[in-house]
Each structure stands twice: as structure tokens, then as C-alpha cells.
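Trainee: Protein sequences, first through last, are from chains G and U. Residue numbering for the first sequence follows the working numbering, beginning at 1 and increasing consecutively. Residue numbering for the second sequence follows the working numbering, beginning at 1 and increasing consecutively.
Among the clues, some could well be false.
Residues on chain G that point at chain U, a partial pick, calculated with CB under 8 Å [to be verified]:
1. 117
2. 122
3. 126
4. 127
5. 130
6. 261
7. 264
8. 298
9. 300
10. 301
11. 308
12. 315
13. 318
Per the computed footprint, the stretches of chain U lying under chain G, defined by three or more beta-carbons under 8 Å from a beta-carbon of chain G, are [unchecked claim]:
14. 227 to 237
15. 269 to 278
One-sided excerpt, in silico: chain G residues whose CB lies under 7 Å from chain U [claimed, not checked]:
16. 69
17. 116
18. 124
19. 134
20. 265
21. 303
Hint data in this document are derived by calculation from the structure and do not stem from the laboratory. Think of the CB as a built atom: it goes at the ideal place given N, C-alpha and C, for glycine as much as any other residue.
So the chains spell out like this:
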Amino acid sequence: MTTAIAAAAPGRPTVSLRIVMLIGIWAVLLAVPLWLPLLGGYTALAGRVLVFGLAAMGLNLLLGFTGVLSFGHAAYFGLGAYGAGLTLRYVAHSTPLAMLAGTLLGGLAGTLFGLLIVRRRGVYFAMCTIAFGQLWYYLAYSWNGFTGGFDGLRDFHRESIALGPFTLDIAAGGDTFYFFLLAIFAAAVGLMGLLLRSPFGRTLLAIRENERRALFLGIPVARHIWLSFSISCFFTALAGTLYALLNNFADPMALHYSLSGYFVVMTVIGGMRTFWGPLLGAAVFVMLQDYISSMTVNWMSFIGVIFILVVLFFPRGLLGTRRWLKV
Amino acid sequence: MWQVIVFNVTNGLIIGAFYVLMALGLSLILNLSNVINFAHGNFLALGGYLAFTLSPALGYWGALLVSPLLTALIGVAVERLMIRRIYNRDPVYSLLLTFGLAFVMQDAARYIWGPNGLPMGLPAGLAQPITPSLFFITWYRVFMVTIVIAAVIGLFAFLRYTRVGLRIRAGTLDLETVASLGVNVRNLRTFNFALGCLLAGLSGVLAAGQIGLNPNMGDDLLMPSFIAIIVGGVGSLIGTLCGGLLIGMAAALTTVIYPAASEAVIYAILMAVLLIRPRGLLGEEGMLS
Chain G
1 MTTAIAAAAP GRPTVSLRIV MLIGIWAVLL AVPLWLPLLG GYTALAGRVL VFGLAAMGLN
61 LLLGFTGVLS FGHAAYFGLG AYGAGLTLRY VAHSTPLAML AGTLLGGLAG TLFGLLIVRR
121 RGVYFAMCTI AFGQLWYYLA YSWNGFTGGF DGLRDFHRES IALGPFTLDI AAGGDTFYFF
181 LLAIFAAAVG LMGLLLRSPF GRTLLAIREN ERRALFLGIP VARHIWLSFS ISCFFTALAG
241 TLYALLNNFA DPMALHYSLS GYFVVMTVIG GMRTFWGPLL GAAVFVMLQD YISSMTVNWM
301 SFIGVIFILV VLFFPRGLLG TRRWLKV
Chain U
1 MWQVIVFNVT NGLIIGAFYV LMALGLSLIL NLSNVINFAH GNFLALGGYL AFTLSPALGY
61 WGALLVSPLL TALIGVAVER LMIRRIYNRD PVYSLLLTFG LAFVMQDAAR YIWGPNGLPM
121 GLPAGLAQPI TPSLFFITWY RVFMVTIVIA AVIGLFAFLR YTRVGLRIRA GTLDLETVAS
181 LGVNVRNLRT FNFALGCLLA GLSGVLAAGQ IGLNPNMGDD LLMPSFIAII VGGVGSLIGT
241 LCGGLLIGMA AALTTVIYPA ASEAVIYAIL MAVLLIRPRG LLGEEGMLS
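So here's chain U without its partners, still in its complex pose (with noise of 0.2 Å):
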């Protein structure tokens, strides 16, 4: 029985790891240019088939390195061609646009790679489990849970100490004011979508090596980093943080008791903070309102 129960502590720490990494690109894009990014899962799923691409030339540490870069570049690409082009306009656009994207690039990755799963290679060491009592806790998901907490860490690091983390902090509460002091907003918005790409490529390649590869690998992403985001307040980055492995956990966890409701508690979450605290738990009255 407490294997059954450290077993699924474990998943719902790595799927909670994989929704706050989507979720938070989602939230950082959502809360500087107002713009839901429905082709966010997309964006993973790139990531994760650059990688698989790359790594017969660059081996697994430098794919691992060099494709949430590549995503995050197509990021540029596409902000710069498409998304911007609709940002002082109805929120309804927005959606639109990035849902045709979804679709677009969710057949672009079917025509290029196949519609079949294909398998992600992994170095020897990392597919081996930690203890033979424990044979479940590969070294892969250490791995993957060392590289979330890292890449968290910095991003928080990185909008905490640097001047354009700290812009981009700003024109989340004021891009107005921003604009009007001096900083090339389209700029900012630009490499702070490519810094949600980023994110969602390099969830990407870590989900591949779990899962493996297929077009749609990032769609049973999307809607629980919605839900994170919502969970967690709008407009708050440990908002997000919190709501992601929040309901990692809490659908884990239901998983050891009753499996069928794994979904349904996280919907069920979701009313409750809509009904209790409709703001997030750590979000703001107002935000994006």
C-alpha cells in the first residue's frame, strides 16, 4: 500500500512540475500581452520533436540545451509575424489567432515527424530506478524534477534581478506607464513570449522522455495549465506555481482512491475557488478585468 501511495506522490509531483512549467508560460504571455497562447501545447510538443531530431547530432545533453532555444526562436518568429499584429484589439482575436496556430502547427508536426508516437532515447543511466524497492523513481524523474526546480528557480531569479524581469514585472501592472518611460514595449512583449516559449519547449523534451512523442502530447497539458492559472490568481506568477502543483497533487492523489475522478477533482477545485475566493488564491482584484 505505501508503495501505491509513494507511487503516485511521486506522479502527481511530476505531472504538478509539467503543469507548472506549462502553466507559467501560459501566465507570464497571459499577464504582459493579455493573450491567451492556445498553441502553448504545440509549442511543447515542438520542443519535444527538435529534440528528438537533434539529438542523433548533438546527443541527448546538447538537444536537452539547444531545442528549448529553437522553440523559443519560432516563438520570436511567430510573435513577430502574427501575434503582435492583434494586440490592441478585442480579446477575441487574440484567441482566434492562437487557436488557428494550434491547429496549424499541430499538422505541421503530424506531416513532418508522422501521426505515430515515437520513442524519445534517453542516456543508459538515467532509465535505471534509484533502488530496486523503489523501481518505479528512475533516475529520469529525479532528473526531470531537479531540471523543473532549477528552471523555476531562475525564472524567478531571473524576473527578480535583472533590469528586463523587472520590466516586464512593471508592464504587468502598468505597461502604459512602462511604455512611457523609455522601454521599447514591443520588444519586451516579444522576448517575453519567446520566454513562455522557452518554457514549453523545454517541458517539451522532458515530457518526451517520459511519454514519448506524438502531434498531440501537449493537448492534456493545456487545459489543466489553464486551470492552474486560474487556481493560482491571475496576474501572480507563485499564483501559477501554486495552482500547478496543486492540482498535480490533488489528481494524484485521487488516483490512489478512486482513478475515474482523477479529472473530475480538478474541475471540482476549480468551482470551489470560482465560488470561494473567485480572484485566485494569490491573485488580485482586477487583474486583466
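One chain only, chain G, in its complex shape (with noise of 0.2 Å):
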């Protein structure tokens, strides 16, 4: 098996540089508050890197490791920003309810359309995410009274948690916030990386480098890209209800298909079959687009030409250029 897998990708690192690896990532993400203002970022620019890199993290799992391409990812973001902000604004001031409503909205949505186009694959999948992606944009636009339509949901706070006896006051933003928000961007990560480690992880690989194959070893291959979908679904709405809590604000823009072309192209620049991939691609777009819309009204321009350039010249991403060279 360990075999096997060393074979199937050729330049992976060792297991020490692995662990060395891990720990520097980790260590940059816990001391983001220490470092970022001396380049001039601010703490809400980092949480807003977290939250992108876990959505796109999430489509990854769909991407990078089951081969399969969804283009409509922003729905189940939407949804989750949409599912938490309603709840906070018309059910209960709790942050955990809200991220819990938020989070089964947006993965069961995608579990639920899985179901219809789990048989169709390659640019006509991709098709039917994106049209059916734009229903929720389309819902949440014209729906004023409940959604605020154009302008966005408004008029909902993040709540402090009450732990027994203390308080996580998330309420204010800042560090504590950006610590809150590192807490469940660990554990989500963990837990994508514990289902990648697993039979079922090694069997999506399965799918993606062959999929005739697997069908031939009597591996259920509809059903295990319906499952890849739907877990996918589930961590991109989490961070989705994360972005909600992060702004104070949900809008139609979370929902649109642009957004999930940000998704798709933040994981090709930090590396498609990559782990982290996705996370640098986020850090790598976000930033460029803060720096670049605030230096240009023409930024679309500048993103669009990112985007021709990703994929005329540098189509494996950061991360997957350095394992492709051996390093």
C-alpha cells in the first residue's frame, strides 16, 4: 500500500519534512497577529484568507482528490452565510446555532442536487452546478423581504459564546475573533485530512486516476462522488457561515458564480492536488485582489488576465510546480 502510494506520486516529500512542513504552516497561522501589520495587513484580511482557503479547501476535496469539477460552489457558501445570518437575525442570538443552521443549509442543498447529477460528468456536470448554483443567487435577489435582496442581509450580529464559566467574546473581532476563527479552520482541516488518510479517501483517489478501473473493482463510483460532492458541500458551507460571521453581512455576491470561479481559480494557483494548495491560492488571490482593487477601478481586468495567465502558464499552481520539479 505505502508502495503504492509513493509510486503514484513521485517527488512526495519525506515524512520528516512532512511534519517540519506542518508545524511551520500551523506556527504562521497562529502568529498571523504578530507578523501581519508589520506588512501593512490588517487581522480581518487574514480571517478573510481563512475563510476562502477553507471553501476552496473544501471544493478541493471534489477538484484535486475525485477528479471531479464543480463550478458552482459558491451556492453552498452562499447558503451557509445566508443560513447563518437568518438565523442570527430572525431565530436566536447564538453563534454555534447559527453556524450549525448554516452548515446543514448549504451541505444538505448539495447533497440533496448530488443526487441529480451524480451521473453526469466532466464540462456537462460542471454546467449543471453553475445553472443551478445561480437559482440560489437568483432566490436570494429577489427575495427582498426576507433576504434583503440586492443590498444584502443586514441588522444580525456575531454573539459572544458562553463556555460555562467563561465567555468567548467573539463579538468585538480582533485576535480573539481570528483565534475563533483558527479554531474551526483546524478542526475542519483535521478532519479533511483524517477522510483523505481513510479507505474512503485513498478510494476517491482511486476514482479520480482511473474511474473505469474502479468501476471494474466493484467500487460504487456514483455513489462515492456523490459523497465526495456532498462532504465538499458541507465544509464550504461551514466556511460560509464562517464569512457571514467575519463581515456582519451576507450578500447576493456570496452566492454568484464569479465567486465560485474565485473558488476554482484559488486552488489552481496554490495547486489542485495539493493538501495546502488551496490555502496558499486563497492567501496568493485574496491579498492581489485587496492590493489591486484598491490601486485600479479596471481591477476585473487584472483578475481576468490572472486567471488567462494560471492557466496558460502556470496550470499546476504553486505547490504542485514544486512536487512536479522534485524538490
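Assemble the dimeric complex from its two separately framed chains, guided by the hints.
Mentor: Here's what the structure looks like:
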């Protein structure tokens, strides 16, 4: 088994190197409030990187590790955001409940829709995900009274969490809220890592590498792709709830297919077939977007050119290139 | 009441006609090259803007003829420079590429022609209503539908009766065999892409006369066109034609009864088709899978 994996992934770093890398990644993430202000950044920006990074990593479970292309993941992200926002506004002033409701809303919508399209493949699958994703955009856009329509859902605020004798004061934002986001991110990413190491995760890789062969080995391919789609939607929806908490706001653009495109390009910039690639891609993309949109009104051209350049000259992404060069 | 119904039926016919032209172009490119052209709506806008710029020099009729051809020419350049590089790669790259292209083209249109809407001048006779009792049916609307019908018949005749058309249809079914028979598949794909852009450019000129020009005028047509393709069945151009008309009419008729649901009904049709007949109305099982 181990040799088979090593053969399938040439240039895979040794175990000790990977442990050093992991420690490095978490150290950098934990120390964000120390080093980011020195570079002229602000903590909310780091929070955005974590949120988009988690969404893109959730997408990558499907895109990079199952080999199935969804171009509509913003739908589940946005449903997560609206689910959390609506819960906080109309149901209860409870952050954990809002997160649970948003994650369930986005995840279950994805699970049900996955049933409909699981037998489609390739571009056709992608087209169905795009088209269906826009349904939620129009719904949020036109259901003015309930969702706030074009202006977005306002008038809700993330609430502090009471943990027995302690109170986790995340309402104010700042470093406490960043560490709260990081804790959720760590739990989700840990779960994702375990999932990919499990026999289930290995089966997904087998489907990605050779779907027909997997089918002949007796693997229920359609069911696995459906499960992968569903799980990936749950992770992206969780990221969406964090997005609503981060901004105290949910807008229809969180459901729009251009955000789906951003998730895909983040994943590709970082490296589709790598675990941490989407986080790195999200960091690069969020920083670039923040910088460019502060510099010029023609930011759309720059973002578009980034898309084109990445596709034409940099398809393997940052981490993918490293592995490709066998460093 | 009957006026409201006639009004919405003609609206549905016109919206459906635009969906059909957009979706046929998208479908051509998708079938032969396996590329979803996100920038298709921007080629539509480009066609409209070119007509706007050319019409003072060439007149409306000249612009109507020339600007779709120019749009197709720009399509050739785009295909040669960018799109052909990703034909043999994972579909994720073609989606990202055309998605980025859509951003660039939209921003370019905004930069060149300005962010605000522009009116498209029409020849005097076309703006008149046909009869006073049906004041909303202008000659322009009749003219638009006629042009769309002519374009669709022309396209199908072209694909049916010419050598290139035959090759495009054959390539849709099995491109490898077509290539091994000595057909230059690279040029065929370029031509096919240009043909799709031509249709987009034509609908752009027509749409400009109806709704005016703005940089993202094609965006609202893109999603319904995707849905028209899925509903009609991927791989079937006749299916795309039916899908476009079906959702255009359905949306317009829903407007009579309950305006807020006119978008939702399109998605309801999409869901119903995916649930009951996943390959689409006239699609073949296994296309593009």
C-alpha cells in the first residue's frame, strides 16, 4: 500500500520534511497577529484568507482529490452565509446555532442536488453545477423582504459564546475572533485530512486516477462521487457561515458564480492536487485582489488576466510545481 | 386581458429568440471543442458595441451586416491565441480561461465605451408599431424575430448541406476519426468558434436595438442559455433550439400570472429535466461524459 502511494506520487516529500512543513504552516497561521501588521496587513484580511481557504479546500476535496469539476460551489458557500445570518437575525442570538444551521442548509442542498447530477461527467457536470448555483442567487436577489435582496442581509451580529464559566468574546472582532476562526479552520482541516487518509479518501483518489478501473474493481463510483460532492459542500457551507460571521453581513454576491470561479482559481493557483494548495492560493488571491482593487478601478481586467495567465503558463500551481520539479 | 397575454407571448418569443441564438453558439463550441464559453455574453456585447460605433459610418444595415463578422474575426484571434492551447487539458482550465476572458472583455467594453448605457439608433420605420391596438408590437420586434428565424434556418442549412458543416457535425460525434480522415481539425475548431461568435455578435446587434447597450448586457442571457442547452440535451442543436424557446416562453407566460417567479420557473424546468430525463429533451446518453 505504502509503495503504491509513493509510486503514484513521485517526488512526495519524506515524512520528517512533511512534519516540519506542518509545524511551519501552523506556526505561521498562529502568529498572524504578530507579523501581519508589520507587513501593512490587517487581521480581518487574514480572517478572509482562512474563510476562502477553507472554502477552496472543501472544493478541492472534489476537484483535486476526486477529479470532479464543480463550478458552482459559491451556492453552498452563500447558503451557509445566509443560513447563519438568517438564524442570527430571525431565530436566536447564538453563534454556534447559526453555524450549525448554515452548514446544514448549504450541505443538505448540495447533498440533494448531488443526487440529480452524479451521473453527469466533465463539462456537463460543471455546467449543471453552474446553472443550479445561480438559482440561489436569484432567490436571494428577488426575495427582498426575507433576505434583503440586492443590498444583502444586514441587522445581525455575531454573538459572544458562553462556555460554562468563561465567555468567548468574539463579538468585538480583532485577535480573539481571528483565533476563533483559526480554531474552526483547524478542526475542519483536521477532519478533512483524516478523511483523505481513510480508505474512503483513497477510494476517491482511485476514482480520480481511473474511473473505469475503479468501477471494474467493484467500487460504487457514483455513490462515492455523490458522497464526495456532499462532504465538499458541507465544508464550503461551513466556510460560508464563517464568512457571514466575519462580515456581519451576507450578500447575493456570496452566491454568484463569479465567486465559484474565484474558488476554482484559488485552488489552481495553489495547486489542485495538493492538500494545502488552496489555502496558499486563497492567500495569494485575497492579497492580490485587496491590493489591485485599492489601486485601480479596472481591477476586473487584472483579475481576468490573472486567470488567463494561470491557465496558460502556471496550470500546476505553486505547490504543484514544487512537487513536479521533485524538490 | 388578451392584450396582456399577447404582450407576454410576443415578449416570450423575443426573449426565447435571444436565448436560442446565444445557446446555439455556445452549443456549437461545446459540442465540437468541449469548451464552455463563459465569455459568450461578452461577444454579444461586443457585437452590439461594434454596431453602435460603425452605424454612423455604414448606416444601420451596414452595421448589422459587418459587426457580427468583425465579432467572428475577434473570435478567431481569441481562439488562435488562447483557447486552442487548452483543448487537450482538463475542463477546469477551459472554464477558468473563458471566465477570465469574460472579465477582461467586460472591463474593456466599460473602458472603451463607458460604464453607462448607450442607446442604439434604429431606422425610422422600424420603431413604429404595426397597429395602434397592438402598440407594443413594433416593426423592430417583427424584424428581430424574422432575422433570428433566418439565422437559425441558415445555420441548420449550413450544417446540413455544406462540406464544412458536415465535418462539424461529424466532429461532434467523433473528432478523432474526423482527424484521421485528413480533416484539419485545428482549422475546423477555429471556424466553429468563429461561427459561434458570429451568432453572439448578431444577437448583440439585435439586442442593442431592443434594450440599449451596456457593458454587461450579455450576462443576463448567459445562465438561461446554459439552462437551454441542458434542458434541450447536450449534443443536440435542435434540442438547444427547443430548450431556448421553451424556457423563454415559460418565463414570459409566468410573468402574466406571477411576475416574481419568472426566473424561478426556468430553474424548475431545469430541475424537472434533470430529475425525469437527465440527458435532456433530445440529448443522447453519454455525450461529453
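Trainee: Could you run down the list of hints and mark each one as holding or not?
Mentor: How the hints compare with the structure:
Taking 8 Å as the C-beta cut-off, the interface hint given for residue 117 of chain G holds, the closest approach to chain U being about 6 Å. Satisfaction of the interface hint for residue 122 of chain G is found here, the shortest Cβ-Cβ separation to chain U being roughly 5 Å, below the 8 Å cut-off. At a threshold of 8 Å, the smallest CB-CB gap from residue 126 of chain G to chain U is about 6 Å, leaving the interface hint in force. The beta carbon of residue 127 of chain G comes within 6 Å of a beta carbon in chain U, closer than 8 Å, and the hint placing it at the interface holds.
At its closest, the beta carbon of residue 130 of chain G sits 6 Å from a beta carbon of chain U; the interface hint therefore holds under the 8 Å criterion. Annotation: interface hint on residue 261 of chain G holds; nearest CB of chain U at approximately 5 Å, less than 8 Å. For residue 264 of chain G, the suggested interface contact is upheld, since its CB lies about 6 Å from the closest CB of chain U, less than 8 Å. Look at residue 298 of chain G: its Cβ gets to within about 6 Å of chain U, closer than 8 Å, so that hint holds up.
For residue 300 of chain G, the shortest C-beta to C-beta distance to chain U is roughly 4 Å, which falls under 8 Å, so the interface hint holds. Because the closest C-beta pair between residue 301 of chain G and chain U is about 4 Å apart, less than 8 Å, the hint holds. Given hint, residue 308 of chain G at the interface with chain U, holds; its Cβ is 4 Å from that chain's nearest Cβ, closer than 8 Å. About 6 Å separates the beta-carbon of residue 315 of chain G from the nearest beta-carbon of chain U, less than 8 Å, and the hint is met.
Checking residue 318 of chain G against chain U by beta carbon gives a least distance of about 16 Å; that is not within 8 Å, so the hint is violated. By the rule of at least three residues with a Cβ nearer than 8 Å to a Cβ of chain G, the coverage given for the segment 227 to 237 of chain U holds, with 4 such residues. Chain G is given as covering the segment 269 to 278 of chain U, and this holds because 5 residues of the stretch bring a CB closer than 8 Å to a CB of that chain, at least three being needed. Interface restraint check for residue 69 of chain G: the shortest CB-CB distance to chain U comes to about 5 Å, inside 7 Å, so the restraint holds.
The closest approach between the C-beta of residue 116 of chain G and any C-beta of chain U is roughly 4 Å, which is under the 7 Å cut-off, so the hint is satisfied. Hint on residue 124 of chain G holds. Least Cβ distance to chain U is approximately 5 Å, under the 7 Å limit. At its closest, the beta carbon of residue 134 of chain G sits 5 Å from a beta carbon of chain U; the interface hint therefore holds under the 7 Å criterion. Interface restraint check: residue 265 of chain G against chain U, minimum CB-CB distance 6 Å, threshold 7 Å, status holds.
Taking 7 Å as the C-beta contact cut-off toward chain U, the hint placing residue 303 of chain G at the interface holds, the least distance being around 6 Å.
This entry does not satisfy hint 13, going by the numbered hints stated previously; all others are met.
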